[in-house]
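S.K.: Construct all of the structure, not just a fragment, from the sequences and the given hints.
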Amino acid sequence: WVRDREGLEKRKPADANEVVLVDDEGRLLEGLSSNFYALYDDGTLHTAPEGMVLGGTVRKVVLEVCEREGIEVVLEPPSVNDADRFVAAFVSSTSRLLLPLAKFDIDDKHLQFGDGDGGERARQLEKWVLDEVSRCSSSI
1 WVRDREGLEK RKPADANEVV LVDDEGRLLE GLSSNFYALY DDGTLHTAPE GMVLGGTVRK
61 VVLEVCEREG IEVVLEPPSV NDADRFVAAF VSSTSRLLLP LAKFDIDDKH LQFGDGDGGE
121 RARQLEKWVL DEVSRCSSSI
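Counting from 1, one number per residue, gives the positions in the sequence shown under our numbering.
Among the hints, a few may not be true.
[To be verified] Straight line, CA to CA, 30 Å or less: simulated DSS-like cross-link-like pairs of lysine-lysine:
#1 K103 to K60
#2 K109 to K12
#3 K12 to K127
#4 K60 to K127
#5 K12 to K103
#6 K109 to K10
#7 K103 to K127
#8 K60 to K12
#9 K127 to K109
#10 K103 to K10
Rather than coming from a laboratory, the hints here were simulated on the basis of the structure.
Because the structure is a prediction, the values reported are computed rather than measured.
M.R.: Dropping the structure here:
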């Protein structure tokens with residue numbers, strides 16, 4: 001996996017933050033170093049279930065915040081075929097927390113969210129996650 005990842009990392013465009021892995025069925029699983037989420041036009045947040053992808057502490061916080069804020073989480077990988085239904089997309093990791101994607105390229109589809117800033121709903125979810133991480137953190 002480390003060698004495979006290195007090859008993908010080298011082919012990543014300079015302006016790309018992450019590469020999202022897609023399986024043979026067109027399901028968007030996770031990034032090379034992050035979890036992946038898509039917010040659909042019906043308000044549901046889709047992400048691959050744990051076991052299909054690595055969990056992670058930030059992912060756990062994202063899912064808890066969604067539950068608290070009434071955002072339904074669908075533990076199924078977002079599909080490439082549904083990309084036109086995405087109103088926002090995110091990656092999360094320890095270094096990024098929850099990062100809304102400004103744009104997302106899938107094959108020949110080029111999606112832009114908001115005005116290139118991820119969109120209002122994405123920024124709100126990002127803020128809620130940051131607030132939760134800050135609330136649970138200790139100063140050192």
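S.K.: Next, verify each hint and record whether it holds.
M.R.: We went through each hint and held it up to the structure:
Taking the CA atoms of K103 and K60, the gap is about 24 Å. The hint holds against a cut of 30 Å. Distance restraint check for K109 and K12: the Cα-Cα separation of roughly 17 Å lies within the 30 Å cut-off, and the hinted pair is therefore satisfied. For the hint pairing K12 with K127, the CA-to-CA distance comes to about 28 Å; that is within 30 Å, so the pair holds. A C-alpha spacing of about 16 Å is found between K60 and K127, which places the hinted pair at or below 30 Å, so the restraint holds.
For the hint pairing K12 with K103, the CA-to-CA distance comes to about 15 Å; that is within 30 Å, so the pair holds. Restraint check: the Cα-Cα separation between K109 and K10 comes to about 22 Å, which is no more than 30 Å; the hinted pair holds. Taking the CA atoms of K103 and K127, the gap is near 19 Å; set against the 30 Å cutoff, the hint holds. For the suggested pair K60 and K12, the alpha carbons sit about 27 Å apart, so the restraint of at most 30 Å is met.
Between the alpha carbons of K127 and K109 the distance comes to roughly 28 Å, so the proposed pair stays at or under 30 Å and holds. For the hint pairing K103 with K10, the CA-to-CA distance comes to about 20 Å; that is within 30 Å, so the pair holds.
The structure meets every hint from the earlier list without exception.
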